[in-house]
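Sequences listed follow chains A and B, in order. The opening position of the first sequence corresponds to residue -3 in the numbering used here, with each subsequent residue numbered one higher. The opening position of the second sequence corresponds to residue -3 in the numbering used here, with each subsequent residue numbered one higher.
It cannot be assumed that every hint is accurate.
[Claimed, not checked] Which stretches of chain B does chain A cover? Using the computed rule of at least three CB atoms under 8 Å from a CB of chain A, they are:
1) 8 to 22
2) 115 to 129
[Said to hold, decoys possible] Among chain B residues calculated to face chain A with C-beta under 7 Å, some are:
3) Gly31
4) Val159
5) Ser170
6) Trp207
In case anyone wonders, no lab produced these hints; they're calculated from the structure. Note that the coordinates shown come from a computational prediction; the quantities given were computed from them, not determined experimentally. Even glycine gets a Cβ: it sits at the ideal position worked out from N, Cα and C.
There are 2 protein chains.
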Amino acid sequence: MLARVSSTPTFRRLPRAVREQQMLDAAVKVFSRRGYHGASMDEIADDAGISKPMVYAYLGTKEELFVACLHREGTRMMQAIADVVAPDLSADERLWRSLRAFLGFVGAHRDGWSVLYRQARGEQPFAGEITALRRRIVEVVAGMLEDTLRDAGREVTETELEVVAYALVGATESVADWLVDHPEADPEQTATRMMNVAWVGAAQLLAGTSWRPPNRRGEAPS
Amino acid sequence: MLARVSSTPTFRRLPRAVREQQMLDAAVKVFSRRGYHGASMDEIADDAGISKPMVYAYLGTKEELFVACLHREGTRMMQAIADVVAPDLSADERLWRSLRAFLGFVGAHRDGWSVLYRQARGEQPFAGEITALRRRIVEVVAGMLEDTLRDAGREVTETELEVVAYALVGATESVADWLVDHPEADPEQTATRMMNVAWVGAAQLLAGTSWRPPNRRGEAPS
DNA sequence: AAGCATACCTACTCGTGCGTAGGGTTACGC
DNA sequence: GCGTAACCCTACGCACGAGTAGGTATGCTT
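Given the sequences, and given the hints that come with them, work out the whole structure.
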């Protein structure tokens, strides 16, 4: 039995920490391309240049591996935002910087985060985890809105705030998706456009300019 | 071999069209609860009160079955909107009615459409189909915006329009999700809130009130 | 009443892919 | 140099679930 005929002797044994990162890189890549179920542990192991039992030894089951991917990429994304946002900034500036950082991040890693994120929202085992993350983000956004609103001396119910925040978050996710499959688009400019519709809308709304349903024809009042 | 010991003799043979609907009902239910992969054909058949080969005979493979679900629910949703929108209405009224109908529909079928929709966006085989549908909707929304904008005598690039439309669509989807897991919420009122942020934002924006990125500190101009 | 199409079933095959048993080899401490 | 612990492998067991083969009963037509 001839072993390792030729090929670069890159088969050096590597410390655990390094291999784990390589595995995660491979996993993110394969999960993104094939989806959670479409991805096989064999392919991930193969892509990481390692054999399957190693993956199990280091990162656990497929489900745990996916969570680990989600966790790493999610943390990176949050970090990218945290790096540019300081708590002493005004609410609109905080929102602007977050948006900029977020779309910049998505644009820079066109696969990876946003793809995993979409995957996770569908699959039962992860939907909960993702929903929790999403809720945290919504609360931050709602907080920003509330700050501005308080300065303007306006009262709004919590539900109202929540819905508006959900709308903003959803809009941003959607625009991020758009960014992912428009490689020629500039994240910076896209962020500006997004900020336009989001902030102008929210600001005007909170300032009191509200839209009311028309009652023109055939709408029976109760 | 005793067959059918007791139980209601509901085991009457039913015409194909009826059974197909029962199967689709069961499929939608199971797919929503378990997700595409989590659902088994056995469970769907069981839930429909029928055996597996029947499902294959009438609706084809699992993938085809899921597409059939998507198709039926999607058509129902589109129909709910088409029922209340006439082409001779003003753009804002068209948008308002669509929104109202959409959130009303989602609210009325709290599982079903929106859950399947989320599922489909993640899985590779259906992502294409869903993206196409989504694009059509985005184009409709973009059309509404363009109409209004043309009336206001303002010029905007197609890309700008597309991004704003994507933002609006994403925001609506997100709010729909919120509605799904807030059973106590009123779709009508939610639609109004949504219209507030969407339309006021878009209208103000297209009227020329745009937000510009601040250039306060340390931002080197190119 | 015979014929026939359609509705319907039980009981299989078989691929796929997760997870593991059990064993080799390299580095590092002593 | 020698033990020990970490790294890494080939090869398998096994469950699960999609899809099917082949046969039975029922109602509708003539």
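Problem set entry | Violated hints - listed by number, lowest first | Going through the list in order, the structure violates hint 1 alone and respects the others.
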